[in-house]
Structure formats: structure tokens, C-alpha cells
Amino acid sequence: MLYKVSPFRKTVTHHLLLFTLLSALSLGSVLAAVFLGPAPLSFSQVVAALLGKGEDKARIIVWELRFPRASLGFLAGAALSLSGAVMQGVFRNPLASPYVLGVAAGSTAGAAAAVAFGPSFFPRPMAAFLGGICAAFLVWKLGRTELGLILAGIALSSLFSAATSFLLFLTAGNRRLEEILFWTMGGLSRATWPDVRLLAPIVAGGTLLLWAWARRLDALSLGEESARFLGLEPRALRRILLGGAVLLTASTVSLTGTIGFVGLIVPHMMRLVLGPGHRKLLPSSALAGGVFLVWADVFARLVLAPAELPVGVVTALVGVPFFLFLLRRAR
Amino acid sequence: MKRLTLLILLGVALLGQAFPVSVTDDRGKEILIPKEPNRLVVLLPLYGQILVDLELEGKIVGVAASPDNPAELSRLPQVGPSFAPSLEAILALAPDLVLGGWGEIRERLEALGIVVLTVGGPEGWIRGILDVLEAIRAVGQAVGAEEKAERMIGRICEDIVRVEAQILGKPRVPAAFLYLLALDSPAYVAGVGTPEHELLLRAGGENVFSDILGYAQVSLEELLVRDPAVVFTDPAQVGNVLESPILAKISAVKEGRVYGLFASDITSTRVAETLRKLAQLLHPEAFR
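Heads up: the protein sequence lines correspond to chains A and B, in order.
If you're matching positions, the first sequence starts at 10 in our numbering and goes up one per residue.
If you're matching positions, the second sequence starts at 233 in our numbering and goes up one per residue.
Treat the hints with care, as some may be off.
Computed from the model, here is a short list of chain B residues facing chain A with C-beta under 7 Å [claimed, not checked]: (1) ALA250; (2) PRO252; (3) VAL311; (4) LEU323; (5) ASP328.
Note that these hints are calculated values from the structure, not bench results.
All C-beta atoms in this analysis are idealised placements derived from N, C-alpha and C, irrespective of residue type, glycine included.
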């Protein structure tokens with residue numbers, strides 16, 4: 010062989026290509042989602058609306074509904090699959106999802122409590138965020154080992170779900186019930202620009218922080234012993250990584266409700282394609298998760314239009330078979 | 233005399249051009265309707281029914297799907313299910329007034345500058361006959377058909393008083409509104425503060441669950457204890473009540489006095505007819 014490409018160079022170009030591709034796909038997906046929806050807007054109408062021209066109706070639909078919704082979908086998908094990837098790495102457990110530490114159940118209970126008792130000026134997303142953080146904090150305080158944390162997460166999730174059911178029972182026969190149900194089903198239908206502005210810096214910051222710790226996450230996912238052997242303090246490391254993942258998850262859930270399967274499946278898909286190294290896995294999971302949720306939501310909006318499916322139904326129906334296909338091929 | 237006629241005519245003309253009008257909604261907020269609306273989107277079935285009764289369904293451009301919608305609206309463009317309408321589908325119809333919006337959808341529509349009118353209890357919940365009448369009045373004012381709406385309200389009130397007069401002084405019949413979705417599912421009953429409760433009382437019945445607030449799940453055992461002589465339920469659930477081995481022991485089932493009534497006929501402009509039906513079933517002897 011005359012030209013021998015060094016393995017290092019090869020992986021670098023590989024990565025660059027992959028990330029350029031995923032980033033382009035991300036931008037393209039958000040943009041495509043703006044063109045797709047139940048309202049019969051033609052291609053040129055959407056283009057005109059995007060440029061700030063054309064009729065009011067189309068401008069509102071494009072700028073106030075579809076665009077913030079697609080953007081929030083991308084951010085939420087990114088946050089969920091990134092934190093799913095981190096949770097799976099930290100717990101060395103393929104079944105770990107962003108919700109292992111009870112964030113989803115905690116947020117739902119928080120939102121339900123605010124709907125049932127809270128004064129109307131108290132923002133529901135704030136209550137959901139606090140509920141999620143509280144649940145994760147309790148789980149962290151109760152569980153010592155990896156297994157202990159997972160068990161405490163399961164136990165407290167059940168407790169918070171029971172609390173939510175109780176609040177549902179109290180508000181029965183009332184339209185407020187449906188506000189609580191929103192958090193249990195999850196969805197992007199209430200997306201607004203302020204939501205996007207709130208979540209974007211958190212997701213960007215969280216991704217950078219977790220990415221910077223990817224090598225240490227690699228060490229931790231080999232087991233506590235190996236991490237200690239490499240001079241790392243596993244408990245402190247775990248606190249930072251889980252803290253970041255919980256923050257991402259709780260912020261997302263407080264705006265979108267609980268959306269399942271994205272955070273569980275997308276990291277696995279990326280792992281099957283790219284291998285277990287977190288330096289590649291974390292950013293690619295974030296981008297792929299974003300793209301996945303944007304398209305799942307497009308599906309949810311179009312399949313039964315003008316009725317909307319809960320997006321969690323689509324993420325499960327589309328995501329699980331695709332995941333199983335990848336799994337079979339990998340073996 | 234001539235001047236007086238002229239003055240009256242002028243007054244009528246001014247009344248006819250009532251817009252802009254302002255109507256108080258379920259939140260106690262004044263909703264300003266700047267000019268006569270001509271593109272209505274209806275999100276709750278009661279509002280569609282009122283418009284059909286006012287013969288104004290021609291103004292409706294879109295409707296949220298519901299099994300309780302009047303048949304006249306079945307060909308109109310839909311904006312998603314009534315429990316979760318699509319914001320985008322509503323906006324695509326460019327409505328100048330949305331009737332019956334509540335919760336998140338209402339907030340979003342209002343933020344986008346669309347006028348939304350909903351009346352009754354919190355979030356448009358219809359708690360009884362008065363809320364139905366208020367909805368008729370509000371819709372009438374909002375669409376410029378106030379007089380017709382008032383006449384409709386008068387007719388309904390008159391019919392209600394007629395029914396009540398017919399059963400005046402009769403002993404109250406213990407009865408219950410019972411919902412049993414399936415044979416093995418829990419039973420839901422209507423207590424105080426529900427339209428069902430009000431209708432039972434006005435029709436000369438006595439709600440055996442008047443110690444319950446709102447709708448509540450009760451055990452079948454409790455139904456045996458309360459032993460209603462007449463049971464009302466959804467027409468699709470009459471079979472469930474009759475076939476339940478436990479409920480077979482209550483008087484209503486033993487005597488075959490289990491009747492189906494559509495919920496959409498209760499919170500409805502047909503509420504007076506529904507009341508008459510209820511009174512006839514509770515006191516058949518009074519209507520002979």
C-alpha cells in the first residue's frame with residue numbers, strides 16, 4: 010500500500026463528516042417541520058411568511074406556532090437523549106432513561122399540585138421544575154450505590170405518581186383535570202418562543218458541560234473501581250454528571266410534559282452506530298434526539314389531522330421497531 | 233305621535249347596530265366584540281347547538297369534533313377533537329370569534345389577538361340550567377341576535393315552569409344519575425352541583441347522592457344501600473345497569489325503571505324537553 014491513512018486522521022474526518030451531517034440534518038428537519046402542518050399552507054405561502062411577507066394568518070401559523078414548536082421539539086429531543094445517554098453511562102444500565110431518578114413523576118406531581126391548589130399566578134412550569142428537582146434530590150439522598158439510586162428512583166416515582174393520582178381524584182369533574190393529564194402524556198402543542206429562549210441556553214450549556222466530562226464518564230462507565238484507579242472520585246463525578254442530566258430533564262419536562270422513549274432509545278441507536286465512547290456518543294445523541302423528536306411531532310400533527318396524537322405515542326410506535334431492527338442487525 | 237314613532241324607530245335602528253358589544257365571560261372578564269362576527273369557530277357542542285337554534289349556523293366556519301354536536305354542523309371543517317382542538321387548524325380558518333374555548337387553547341388564541349367567548353362555570357363548565365341560559369344570552373349578544381336569544385330563554389323558562397307546575401306537591405321519588413361504562417367498571421354518580429342533580433330536583437325526584445359534591449366514584453355496595461327507585465344513565469349504558477348482578481337487587485332494576493338520557497340533551501338548549509321527559513319518567517301518573 011502506498012498511502013496509509015493513519016487511524017487517527019481517519020477518525021477525525023469521520024467525526025467531522027458525521028457531525029456536519031447531523032447538524033445539517035438538524036437544521037433541515039426544523040426547517041422542514043415549519044412547512045408541514047394541518048393548516049393547508051402552500052410552499053410559497055410558507056416561504057413568504059418566513060420572509061415576513063404574505064397574509065397575517067400564514068405569518069402567525071408559521072412564526073408563532075410551527076417555528077417555536079419545531080425548535081422546542083429539537084431542544085427537548087436533544088436534552089432528553091443527551092441525559093438518557095449520561096444516565097445509561099453513569100448507571101451502566103441499558104434500561105436507564107432520563108427519568109430514572111424520578112424527575113418525570115416529580116414534575117408531574119409538582120404541576121398537578123400547582124393546578125389543584127396553587128394560585129393562578131404561580132407558573133405551572135416552575136412548579137413542575139421544582140417537583141422534578143425535588144424528586145431527584147430525594148432520590149440522590151436516599152440511594153448510596155448505583156443500584157440503590159435506581160431502586161430509590163423507582164420507589165419515589167411510584168410515590169409521586171400516587172400523589173398525582175390523588176390530586177387527579179380531587180380535581181375530578183373539572184376541566185383542570187386535563188391540565189394535569191398534559192404532564193402525564195406530554196406534548197409540544199403549547200410551545201412558544203419564550204419557552205425556546207428559556208430552554209436553548211440550558212440545553213446548549215448542558216451539552217457543553219457534559220461533553221467536557223465525556224472522558225471521565227467513559228472511565229466511570231467502566232465501573233467505580235476502574236474510575237478510582239484512574240484517579241477519579243466516583244461519587245463526586247456521579248454527582249456532577251447526574252446533576253447536569255437532571256437539570257436538562259427537569260427543564261424539558263417542565264415545558265413539554267413527560268415524553269417517553271426518546272431518552273431511552275436514541276442513545277442506544279447512536280451507540281449501535283458509533284460505539285460506546287461518550288465523546289462521540291453525547292453530542293451525536295443530542296443532535297439525533299432532536300431530529301427524531303422533530304419528525305415524531307410532525308407525524309403526530311399530520312397522521313390524524315386536525316386531531317393531534319400525543320407525541321409519546323409516535324416516539325414509541327416509530328422508535329421501538331426501528332430500535333429493534335438496529336438491535337437485530339447488531340447481533 | 234309621528235315624532236314618537238320616529239324616535240322609536242331610531243331607537244330600534246340604534247339597538248340593531250349594537251356593536252361593539254361587551255359580554256362578561258366565565259372568568260368575569262369583559263370580552264369586547266368590536267363588530268358583528270361572521271366567521272365563528274365553535275369548540276364546545278352547546279355553542280353549536282345555540283347557533284343552530286338561532287338559525288345562525290351559516291356563520292360557523294369550523295367546529296371541534298364531538299359526538300354531541302348537532303347534525304347540522306357535520307359537514308363543516310373540523311379543527312380537531314373538542315377535548316384537544318388544534319390551534320393551527322383554528323387559525324387557518326381566520327375566525328373573528330371563537331366560542332367555547334378554554335384552558336391553554338384560549339390563552340394561546342387570546343395571545344394571538346383572537347376574541348374568545350366562553351361562559352358558565354370555570355373554564356366554561358356548565359353547572360346547570362342557569363349556565364345554559366347564560367350561554368344562550370351571551371351567544372345572542374355576541375352574534376347580534378340578542379332579541380331572538382331572549383325569546384328562546386323565555387320559551388325554555390316557560391316550559392320548565394309548566395313541568396314543575398304539573399308535578400307540584402307530588403311526593404319526591406328517590407332517584408340517581410349513574411354512569412357505568414362497563415359491567416366490571418366502577419360506577420360514577422352525579423351529586424350536588426351537577427346539572428343532573430338540578431334536573432332530578434326540578435323533575436320531582438330526590439337525588440339519593442345529594443351528600444356528594446360533583447361527580448364521584450362509588451362502590452356498587454353503596455348503591456344497594458341508597459336503593460334508588462329510578463336510575464338514569466347514558467342510553468349506551470342502560471344494558472350495563474340492567475345486567476349487573478349486584479345492581480339487580482336495587483328497586484330501580486327490579487321494577488325496570490332504568491332510563492337512558494343523553495348528556496348532550498342535559499347541558500343543552502333542549503333542557504326543558506329533557507326535564508319534561510325526566511318528570512314523566514319519575515311521575516308517570518301526573519302526565520296521564
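Going down the list of hints, with the structure as the test:
no.	hint	result
1	ALA250	violated, 27 Å
2	PRO252	violated, 21 Å
3	VAL311	holds, 5 Å
4	LEU323	holds, 5 Å
5	ASP328	violated, 12 Å
Violation of the numbered hints given earlier is confined to hints 1, 2, 5; the remaining hints are satisfied by the structure.
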